[in-house]
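So the chains spell out like this:
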Amino acid sequence: MPEAAPEAAVEAAFAAIAEVDRLMSAHRADSDVGRLNRAAGRRVEVHPWTFEVLELALELHRASAGVFDVTVMPPARDAAPGRLVLLPGPAARLLGPEARLDLGGIAKGYAVDRALSALRTTGAGAGVVNAGGDIAAFGPEEVPVSVRDPRRPDRLLWRLHLRDAALASSGGRHDPAHGREVAAPAVLHPATRRPAPGVAGATVVAPSCLLADALTKVVMLAGTASLPVLRRFGAAAALVPAEGDALSTPDWPGSAARLAA
Amino acid sequence: MDGWLRWTLPVAAVVASTAPVQAARYLGLEQAQRAAFPEAAAFREAHVVYRPEDVAAIERLSGVRVRSRGEQVWRAEAGDGRLVGFFVLDYVIGKHLAIDYAVALTADGRVRRVEVLEYRESYGGEVAERCWMAQFEGKTLRDPLEVDRDVRNISGATLSSHHVAEGVRRVLAIYEALLRRG
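Order-wise, the sequence lines are chains A and B. Just so it is clear: in the first sequence, position 124 is 121 by our numbering, and no numbers are missing. Whatever position you read off the second sequence (first residue = 1), add 712 for our numbering.
I should point out that these hints are in silico values taken from the structure, not numbers from a laboratory.
Listed next, with one range per pair, are the computed distances between beta-carbon atoms: (1) B:A754 to A:G63: 33 to 39 Å; (2) A:G130 to B:R763: 37 to 43 Å; (3) B:R854 to A:P225: 52 to 58 Å.
For every residue, glycine included, the Cβ atom is placed at its ideal position computed from N, Cα and C.
Next up, chain A with everything else stripped away, as it sits in the complex (with noise of 0.2 Å):
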């Protein structure tokens, strides 16, 4: 690759990673992701990533009987599960008065693949991306990778090794500073609106970011029942419950790994 290339190439899955949170974050009420929640059930015109982004949504949302769900309820509440319906243009409208469209569980994925996408359009021959532990990787070189322990933070897990694929990890949230322990999962059963007991943590390894990150919050929720899922989108698994063994599908790349003791 030319000497300029590799910066061009950065800069441009930088630009990548920028317009998805332009375009998906919900916190920002311009974003189409903040004009579909404001709508109030009429169709709003999205970019085509947010399309894309959307389609899998409802995939996933058929494909998990509905425990994968992008359109959030208030807690303690009982009014219907909110639907999203998918309009050429494209656009797309959600329905019901209290839905709120949430894609924090998967923009971060896509914004994975489309960085990875950047930077093989600008011409590299190798490239990989990692966004807080959401990893793609393209081009003939392995790329190691050590998954942690959800249940003990300072121990490894996994050990693997990236080629042409992504990988994305759920789990009780950690910070380093504060010692070993483990805040409670982010990711919330859609029926329950609480988290998910007997998964503590999960990884995912498939051919997209996206889909990498979807399934965490697949398998984080419906533990080994999630294993028609997983073949159907071509994804390795790997999930340690609460207490107990850790649990793998057949071909999980990874091999159990160890610290120094």
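On the provided structure of chain A, position chain B as indicated by the hints.
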């Protein structure tokens, strides 16, 4: 639970590797338990945590250093609750990396079967071969359990051979010190 693999990780942590290696997972835990005790109806967790006097007894009986804080043990039980034997999940270091293996003991403390569950290094994987592991069957602490004495060496896997033989000796000592009464 159908279709998922179970990963049981040993209690203590060992040296990390900085280089990628060829790992081989041979058996999941449940598969290994069933292979060792096909007649058992249940495997009941009976993990042990060592007290200082346990460590001293095991080291004295086996002549091998104890490096972990305990051991993962399961009681293999028949349908009527009768003890059939013990299934002990252990690990030793090959050259640099851990070898996860299991020793199945009869109820009276003889080796019934040895299985390697995961072997992480590029060389020395021959210890996982059935014919090599079969030589441990029937052994007790009264046997030397020494490579080049009553345990065949494997060329290119010398360290792994020694360490697995020591591991089996240590597991037999654990039986003698902690499990025999159970």
